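Visitor: Listed below, chain by chain, are the residues.
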Amino acid sequence: MLLATLLVGLFACQEEPEIPSPVIQLGESEVVLSSSGAAVSVAYLVENALEGEKISVAHEAEWLTVATNKVRTIEISASENTESEERTATITISYKGAEDVNIAVTQSCYDTPLRLEILDVTAADLYFSVFTNDPELTWIPMVSSKAYFDSQRSDSALFDDNLEYFAYLAEIRDLTLEEYLTDMLAVGTIENILFENLEPNTEYVLYAYGITPKGERTTDVVWEAFTTEAPWEGDLTFEFNVMEENHRLFFDVTPSHTGVPYYFGIVKKALVEEWFESYNTTDLREAIQKGEIDANIDILIDYEFISDRSGFYSIFNETGRLFDESMACDGATTYLFFAAKWNENCELIGEVSSYEHTTLPVEPSDNIITLKVENITQSSADMVTTTSNNDPYTVIAVESSTIAEMDDKTLYDYLTFNYDYLLDEYTFSGGRTRTYTHLEPNTNYTFVAFGYLAGTQTTSYILREEFTTARSDDPKDCTFEFEWTVDTEEAWIKIDPSDDGHHFFWGIYDARYTAQEVKDYITDVVIADWYEGDFAAFASWRLSQGTVSETVGGLYPSTNYKIGVVIMDYESGEFLTDVIFSETFTTKAVEYADITIEVIFNDYYDIQELVSAGYRNYKEYLQYGDALLPATVEVSGDYSVFYYTVYARDLSDPELYPDSIFLEYLPQDGSHYDATLFPLTYNEDDPYDLEMYTMCAVAYDHNGKFSHIFRRPFGCLKGNVGNPDNFVDPTARNLVAPIPEWRPLEKFGLVSLGAERSTPLLPKKSVAPAEKSVVVGAEEAKKESARLRAQTQFEARCESKNLTEERFVVSVK
Amino acid sequence: MKKLFNLLLSFAMVALCASCEGTPSDGDDQKDNLSGTISLISSRDIIRANGTDVATLSVLLTDESGMIHDISSKAEIYTSESDQPLGSVNFSTTKAGDYTLYALYGLEVSNDLFLKAVSGVADTPADPNKASTDFDHKILLIQHTGTACPNCPSVMNNLKRLAEDEAYNSKYVHIASHSYNEDDGAYSSAATILSSTLGVHSYPWVSFNFFETKEFLGELESMKSCIDLFHEPQASVGIAASSTVVDGNIYTHIELKAAKSGIYRVGVWVLEDNIPGTQSGATSSWQNVHSNCLREMVGNNRSERLYGKSVGSVEAGKTVATILSAELNEKWVEGNCKLVVFVTTEDGNGKMELLNTTLCPVGGSVEYAYN
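Line order of the protein sequences matches chains A and B.
Following the numbering used here, the numbering of the first sequence begins with 1 at its first residue and continues without gaps.
Following the numbering used here, the numbering of the second sequence begins with 1001 at its first residue and continues without gaps.
Since the hints were made in silico from the structure, they are not lab data.
This one's a predicted model, so the numbers in the text were calculated from it and none came from an experiment.
Mixed in with the good hints, there may be bad ones.
[Claimed, not checked] Below are the DSS-like pairs computed for lysine-lysine, each with C-alpha atoms no more than 27 Å apart in a straight line:
| no. | chain 1 | residue 1 | chain 2 | residue 2 |
| --- | --- | --- | --- | --- |
| 1 | A | K494 | A | K519 |
| 2 | B | K1074 | A | K70 |
| 3 | B | K1224 | B | K1160 |
| 4 | A | K214 | B | K1351 |
| 5 | B | K1095 | A | K70 |
| 6 | A | K476 | A | K409 |
| 7 | B | K1116 | A | K146 |
| 8 | B | K1171 | B | K1331 |
| 9 | B | K1074 | A | K54 |
| 10 | A | K476 | A | K588 |
| 11 | A | K214 | A | K269 |
| 12 | B | K1116 | A | K70 |
| 13 | B | K1095 | A | K619 |
| 14 | A | K269 | A | K290 |
[Stated by the list, open to error] Derived DEER-like restraints, expressed as beta-carbon distance ranges:
| no. | chain 1 | residue 1 | chain 2 | residue 2 | range |
| --- | --- | --- | --- | --- | --- |
| 15 | B | R1302 | A | N343 | 48 to 54 Å |
| 16 | A | T182 | B | D1134 | 45 to 51 Å |
| 17 | A | P20 | B | G1087 | 26 to 32 Å |
| 18 | A | E216 | B | N1050 | 42 to 48 Å |
Cβ coordinates follow ideal geometry from the N, Cα and C atoms, glycine included.
Model the full structure from these sequences, guided by the hints.
Guide: The structure is reproduced here in structure tokens:
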């Protein structure tokens, strides 16, 4: 049967050969192309293939390319899909005699993780959008100078540099890198981002990359170069947007063109009227120039916040929009917002744009305030208040004679005019007891109390409570009791006079001080030097009344001290008594660390000779001195840090110059490098001065204990310089900081001796009493108020200024 | 009877096959049960177009479980120039040019593999002592520096003294990695990669091999101590190399001979001598001319650039050859360029260990150095 079957089979073949149809098999029937269109290969196989036949492919998509050049391979590629939607096509593969087969092609939509789009560039502003495919992608936008960007050799180099910069920014904010990045990173697509304060006419690059909060880069760097426009040369106009809430003004200022320097201010309109009158003008620009700008410059220079007009310009100059600024305001008061183009000399050169805003009136308060005076001494009194609610109120002590004839309105005007900013410091809420000090003995005072909010009297009444301070006796009959508890470097002291009415100066003095030396010190150093002879200022800040109880620092261990007190006339400055000393007390001894420090140094070298001998770059040291002294440190023992430097003068006598002096100054002045070059100056006046300098050093252990002070005096004479051939710079290892622009000179191991030599080494240091905390004089109050106003403005502006960097992180939050 | 049955069955099968014979399939399906994605890899990126230099190809299949199977003997490998499969896993040619290869395995197609065949690349020098594996050992001494670094001349002075010390100068290859300031004529991105990889955070700084040193080692005695520490009496690999400049590329033909069996990587860095640049803090005029400056590290990625390209496993006493190429930058002075050729291996802890290194002039050669 089997044989029969086979025979039938053979016979059948011979009669009618049966040729199976070709069949196309594909490795893939569906392919997905990336948006960039990278090629994908699909293998195929034709079963029952025919001699000489090849497959053919067909499709209708213009964006698709299909090739069959390779053996049994269909290569499919596409142009980049820049659309936001995916697209599809069908490729039909045909073969003679075979059934067609299809490959379904899908190309995904634009999938670059990050895409930048610059919307607009002005002289100072950049508007841009960042698009992300992944809404969860975290990224950071940066703007840098083009030069900086071009200097980065690769994405990695740029990123590494940025990461180092982020670490620096985190460090100065006392944050970890992760905390900083978490705060700064943007997430997902953000459109219409504004970056301000660019320099006009400058080439920049905007770039961004994906980055995780841990500082790992997740995408390539994408970037767009742009150039800011030239600055607007015409005048500026300004728009002011002002809102008021809870007695605070919130405002935006928008200049017509950014990138142009301008000055902006807010002032009460009443003050502007005063300026008009004072300067005999109706010109707003002139009034602002004189009343606001020039006057503030004078005050800030006077208080040494700035040294000249350029300092004011650098702090107060604006070039961009001011967003979401705010300030406290008085109620029912008209404020003038103004801005105008100005120049680097702080001169307004454009028309002043201004905007008036009158604040809402302050609601009256029904607070019922009671006042009681207790514990009256020669110099102080307790003010005890009760209130019926928590509405704010002000209590201030004034001499009764000053306000005796004033009705409430006149009194209010007097207080607000003279005390102005200070009133806020005397404004409280709820009942309380407060001690007012620095009162004069045997004097009539009045506590004045009234509801006060936003520069407005809110109660319908002004309370007055009069009292008279106790009478003082003859200063010479005043005795003092002293108490103290000492440590190594500080002491708690208490000075208790028998008569609280007298003004006295107190200090802690070296035990060897005589009464006359104390008086000389007060007169020649404190008043003459510290207060430049202004006794009124000295008396206001330095004279005490009543019991003094303070912890005083800055003392030296194992040192004998005594407290010295002398009563002075508050008006004339006359010493009314001799200096009264406490008994001598000794600060605790120090337990030294088990460390020995020695500074190794020998020859110093003439800098000119070194330059001539080939050390050409050492000529930069000439600005610091005549000669260089190489020094290295040897420390034995387990130390944590050491400091050493050269001080002028022979400081080798520990009796004259106790170790404790160096403990204060060496950590500030000293080098902490293993090796240091010290520039020295020859003593031209005394060629035989062999002890004009002292090398001083100290080391600390891990518990903060310090070693004995190393001190070795030496001279610096031109005739004794070393041979340049023997010069070896030992400071090579001192160079720190990988980022060039952040390298301060000190980090190169060069410590400017100019600074050290000018450091005052007080031969005998006295400790002055703490400054006063309460001011009651009207003149002082006015002056102090003006200072506070200027200082407040100054500090607010300073905080808002950024440092100039090569690249900026763009804040998107 | 059973014999007869089998005979008839055989006959019948032959008859059936003969009856259905047509033209051969467009592709010979040799695929067995394996399925997955296939990839084509090569032992070499560059071969010499001399008909004998060979790149050994492998076709690997990764199945769904992630297991990798070597299917080189079952797959077909083609060049884009021919419809005929290679018929071998070895590719050689006498025609210089760029080649694209791919593999087919059933209905799977591999990636494109690009190979370069180059004419004119010199032979490596003949082995002067074929029976020996007692190789001389050299370490890398890397000076991290820059012309704006005012304290770097002190280390330059120390390096000069070290180079003059015959007890030490044959034990190391000196590389100056100018990564400090970008306006340094010897500055390079390769140097910044090297310095950052080695954890350099202050200058001057000195590193040895691939060790991230934690303390300053630029003092003469420190450097000598480190050389004493790192230098071995015998290297575990020997290096012979020649270099040829062809069409603006430096081709470095390297032969590695193993004293110990291992899996090795071979790297090439380009150095340039005599680069002028005023040195901050210079104490002598010679410090204004900089040599051994790292210009480029050869490789397709950071790992290859730093630690070399894998040449696979090499048995003790055996050799393996490879060619690495670098573009000759037009800013470099060809006559001042030379190559650091080195061999690395992984130390078992995931870190790369430098086993030996040598210097090869561009356009010149270096033979195996035996003790």
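Visitor: Of the hints stated earlier, which fail here?
Guide: 6, 7, 8, 10, 11, 13 and 16
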